[in-house]
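Full structure from sequences and hints, please.
Protein chains in written order, with the numbering used here: chain A, 1 to 414; chain B, 1001 to 1414; chain C, 2001 to 2129; chain D, 3001 to 3129.
It should be emphasised that the hints constitute simulated quantities derived from the structure, not laboratory data.
All values derive from a computational prediction rather than experimental measurement.
By construction, the Cβ of each residue, glycine as well, lies at the ideal position given by its N, Cα and C atoms.
Treat the hints with care, as some may be off.
SDA-like, lysine to any residue: derived pairs with alpha carbons at most 25 Å apart [stated by the list, open to error]:
#1 Lys2114/C to Thr156/A
#2 Lys1407/B to Lys244/A
#3 Lys3087/D to Glu3014/D
#4 Lys2107/C to Val1377/B
#5 Lys2107/C to Thr71/A
#6 Lys347/A to Lys3107/D
#7 Lys347/A to Thr3102/D
Pair ranges (Cβ atoms, derived) [claimed, not checked]:
#8 Pro1325/B to Gly2020/C: 23 to 33 Å
#9 His2019/C to Ala117/A: 56 to 66 Å
#10 Asp3126/D to Ser1046/B: 53 to 63 Å
#11 Thr1054/B to Gln50/A: 51 to 61 Å
#12 Arg1012/B to Gln3086/D: 47 to 57 Å
#13 Arg1140/B to His2127/C: 51 to 61 Å
#14 Val10/A to Ser1268/B: 40 to 50 Å
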Amino acid sequence: MKDTIRSLDVARIRQDFPALNERVHGRPLVFLDSAASSQKPIQVLSALDQAYRTSYANVHRGVYYNSERTTDLYDQAREKITRFIGAPAPENVVFVRNATEALNLVAYSYGRHFLQAGDEIVLTELEHHANFVPWQVLARERGIRLKFIPLTPQGTLDLARLDELLTPRVKLVTFAHVSNVLGTITDPRPVIERAHAVGAKVVVDGCQAAPHMPVDVQALDCDFYALSGHKMLGPTGIGVLYGKTDVLEAMPPFMTGGDMISSVTFDSVTWNEIPVKFEAGTPAFVEAIALGAAVDYLAALGMDAVRAHEREVVAYAIERLTEVPGATIIGPTDPDIRGGALTFTIKDIHPHDLGTLLDREGVAIRAGHHCAQPLHVRLGLPATARASFYIYTELREIDALIEAIYKAKHTLRK
Amino acid sequence: MKDTIRSLDVARIRQDFPALNERVHGRPLVFLDSAASSQKPIQVLSALDQAYRTSYANVHRGVYYNSERTTDLYDQAREKITRFIGAPAPENVVFVRNATEALNLVAYSYGRHFLQAGDEIVLTELEHHANFVPWQVLARERGIRLKFIPLTPQGTLDLARLDELLTPRVKLVTFAHVSNVLGTITDPRPVIERAHAVGAKVVVDGCQAAPHMPVDVQALDCDFYALSGHKMLGPTGIGVLYGKTDVLEAMPPFMTGGDMISSVTFDSVTWNEIPVKFEAGTPAFVEAIALGAAVDYLAALGMDAVRAHEREVVAYAIERLTEVPGATIIGPTDPDIRGGALTFTIKDIHPHDLGTLLDREGVAIRAGHHCAQPLHVRLGLPATARASFYIYTELREIDALIEAIYKAKHTLRK
Amino acid sequence: MEDLYRENLLDHYENPRHHGTLEHADISHEESNPLCGDRIRIDVKLSEDGSRIAEIAFSGDGCIISQASASMLMDEVDCKPIGEVQKLERQDVLDMVGAPLTAARVKCAMLGLKVLKAGLYQYLVDHQK
Amino acid sequence: MEDLYRENLLDHYENPRHHGTLEHADISHEESNPLCGDRIRIDVKLSEDGSRIAEIAFSGDGCIISQASASMLMDEVDCKPIGEVQKLERQDVLDMVGAPLTAARVKCAMLGLKVLKAGLYQYLVDHQK
Ligand SMILES: Cc1ncc(COP(=O)(O)O)c(C=O)c1O
Ligand SMILES: Cc1ncc(COP(=O)(O)O)c(C=O)c1O
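Here it is, written out as structure tokens:
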């Protein structure tokens, strides 16, 4: 199988990313923070620019050319994303600002409508705050119990514990497809099957998966899938909530206003059809159009090839980092179950100091708790360093990272 | 006073708007739908492009150069908007997707926390769905009563009725600063004073005001002010909720997730400070930066000059339309109290037919209920036609509109 | 421009065929598009054996596209077997209109067909066929 | 690069001045920055009349910037009148550090001052001065 996967022509890809040619503090930029937000190819920048420059107008219901044309582009973008994630139809693709809004939408609209006191929600110890705090708030407000799938010492979900967690009171199960800290790739399929077996709905936080590997929401059979456009070559301000038709139709709207109603009087209101029912007001339609260009770009590379490339990069990074004295990798070290985010610590160097020192060498990594404080408490670490990769990452950038770490150690005499 | 106002150099301004040079159906575009969404100047397009092309990274907490720089630009944008609307400090400026989200945020966070059964909300008969449906939903959910400031036959708010509406049960008063259908400019100050006198908070929907005239939220003394960036030269996907410090601080968050928390454990959470408390997840920071460029552009023109220009255009449009047989102007015909949106009907021509026929002449207007169905019910009209203006609108475009209306009448033999 | 509002369409608008209401109709159905205020009512009398449209009429108000396409639809379905009428589709209406319609206006053109089909459907359900 | 992590700063980090805790302190206060795990505790003994700092010590853990700037702060305030210490500001700490700090790291540098000021403030409130 492996050799049938087209591999990426990274040198060619890098030419599409103007921001990668920069110098920082006099050094060539080595951008290793794509898990926070990816760089954008000129194809996306030009989709943005063209949408404003050519026949721009607000979408929906305009009876004139510009508005018709922009509406068409917007609809096409939704179709592209529908195909990209394997959704059955565009009606299953709700545009939101980011994954955080997608998850809040589910917590507000599904959670507050279908969950009640005594119900239980199963999540995991490794969630990003975006897939943790909304449930925590809901749980307190409604007297719902949160239960956590614990981690194995390797940093994977301890699914042996799942059956005991999945009581009939569990109404919702949610987890990150790929962890933004541990990098752990969880195969969603078995978890979803077992959750469905007890009648629970399943929400998958796909923020770190959709940009990096093939995703087919119908094959997964999840009820909801959340992603952020800015992490997958798209602009800021746009994300997607996928939902199954029957669930979306049963849910009340979240925000209300223009476009999402079918008709309203002083006394009554009827909602529009899905997905528009969940898109109140003027949507971020130019961002949606540009996200369409981003998934075109990714689809042309092939998501299998994207994943194969990142697997290679992360394998090399694990290998190189392992040789650095005092380095500890946080999370799985098997590249088969590790996405393109490598979190680590260096003995006696605080991650913030490391981040600052690496920056001076042009190497951009993230330091902190990566919006996963509960996980860091479990790990017993206040903060960690994270280097994360994407389609444009070259192996020589891993070398630059390792060099910069040695240099930091030298500077700090560690 | 009048002659001290710089007037706009419209020919010069138009050079900054590439989309205005287009042809539609072989005719030069006459874009008269800025109330739905405005065109964008190259200054804004280039701010967008540069933010992605140069040192792009996610904001907040990155310890490396790109992230610091982008965070700086983002903070500067908030400061620009703070100055533009006369807010006391950046902490009073919450970034949202659009005015609709701003109003929903208030309805969810303020409304569900501070209002209860038996309370009353005063709004008006002319509201956009964005400032109507969220209150209708809240009212039903909580047993709150909605009361409406009626309209005078001229299409202004009948403020003589305000005192009888303002009982001590009224906890919230809300109204559009400028109506998107009637164009009516309401002076917010006296309404706000009277509402405050009974202890009610005041929410102003500034969607059609902020782009078109000077706004000083501190002088108005409103508690909340909502606006959309895409109607004021900015990109889609970004809007602003202004709120007073004490009110924002007292409110619980709306959406939750990354960045808006100060710290979180498995059992507890503390929120971040305002305004970040209300900005969960990766914000639309590039859009915010570009909105900063948009308000720079407007501030450089001077909002007094912008208003003076639009007053002139709307006065001319009223004059020309009045001479068309069968034309009826909806709303005030006094340009002193009419913003740059002119709504009308042509006897025996359905607005949709008119819209389609005008489009064939290159003239883009909006036809429908403009997301104000309850108002249209009051007016006894299912739909109306609306031509709306902005800083780039020329008087000759009004002439083109009138010509096209005559031609439509001829075609339809009316 | 005359491609859309051309003679045929305008003629149907100004001289709508089968316009009015029918007394003792077998089917009477009305719907409106709240967004633009287009409203159409259709009355149908069926043949003795209930298999064909014997008489049909429409009334309503709204834009030219909605009213003219309803008039064209009347001409098309009058005296036709119900089975055939049920097979009519979006494209058939677009063909009747015969001029390019933008997406926002297609809804207007479809209102007549939507009303007719909904009325027929309800009739068949009620009569257990 | 050495502009930031230069000798002086590293020296304070490796050989922190006034490091430790004080028994029978008049003021003991601790705070942490949950975002990065920096933690600092400061103990103060005041002079007989309560007007000056007689003895001071800090402990804690975290990044170099937070720990070194706390150490520098100790040197700076030791034996100073309380009134003067209360006047210390953000810029004073930045001057002590003496190297350009990016916004994200300024917070680290300020933790020591924050703890000291909060402790002093609480003491003054409790003693009604
Ligand atoms: C008066 C008024 N309020 C609210 C809105 C909603 O704005 P948006 O769709 O950008 O949220 C509009 C825009 O149409 C408006 O004109
Ligand atoms: C796993 C995971 N979930 C959710 C989020 C939140 O994404 P956003 O900030 O774009 O809403 C992130 C991004 O940091 C993430 O990595």
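**Item:** Lys1407/B paired with Lys244/A [C-alpha distance capped at 25 Å]
**Value:** 49 Å, violated
**Prompt:** For the pair supplied as a hint, Lys347/A and Thr3102/D, is the alpha-carbon distance within the 25 Å limit?
**Reply:** Judged against 25 Å, a Cα distance of about 24 Å means the pair holds.
**Prompt:** Given the hint that Lys2107/C pairs with Val1377/B, does the C-alpha gap stay at or below 25 Å?
**Reply:** 21 Å, holds
**Item:** Hint check for Ser1046/B and Asp3126/D - Cβ pair distance inside 53 to 63 Å
**Value:** 57 Å, holds
**Prompt:** Given the hint that Lys3087/D pairs with Glu3014/D, does the C-alpha gap stay at or below 25 Å?
**Reply:** 28 Å, violated
**Prompt:** Is the gap between the beta carbons of Thr1054/B and Gln50/A within 51 to 61 Å?
**Reply:** 20 Å, violated
**Proposed proximity, Thr156/A with Lys2114/C (alpha carbon, max 25 Å)** = Given pair Lys2114/C, Thr156/A is violated - Cα atoms ~54 Å apart, limit 25 Å.
**Message:** If I claimed the Cβ atoms of His2019/C and Ala117/A lie 56 to 66 Å apart, would that claim hold in this structure?
**Reply:** 60 Å, holds
**Request:** Using the beta carbons of Pro1325/B and Gly2020/C, state whether their distance is inside 23 to 33 Å or not.
**Result:** Distance hint for Pro1325/B, Gly2020/C holds at roughly 30 Å.
**Item:** Distance restraint evaluation - Arg1012/B, Gln3086/D, Cβ atoms, bounds 47 to 57 Å
**Value:** At 55 Å between Cβs, range holds.
**Message:** So if I understand the rule, the pair passes when the alpha-carbon distance is 25 Å or less; does Lys2107/C with Thr71/A pass?
**Reply:** Cα-Cα ~15 Å, so holds.
**Asked** Using the C-beta atoms of Arg1140/B and His2127/C, is the stated range 51 to 61 Å upheld?
**Response** 39 Å, violated
The structure does not agree with the numbered hints 1, 2, 3, 11, 13 stated previously, though it agrees with the rest.
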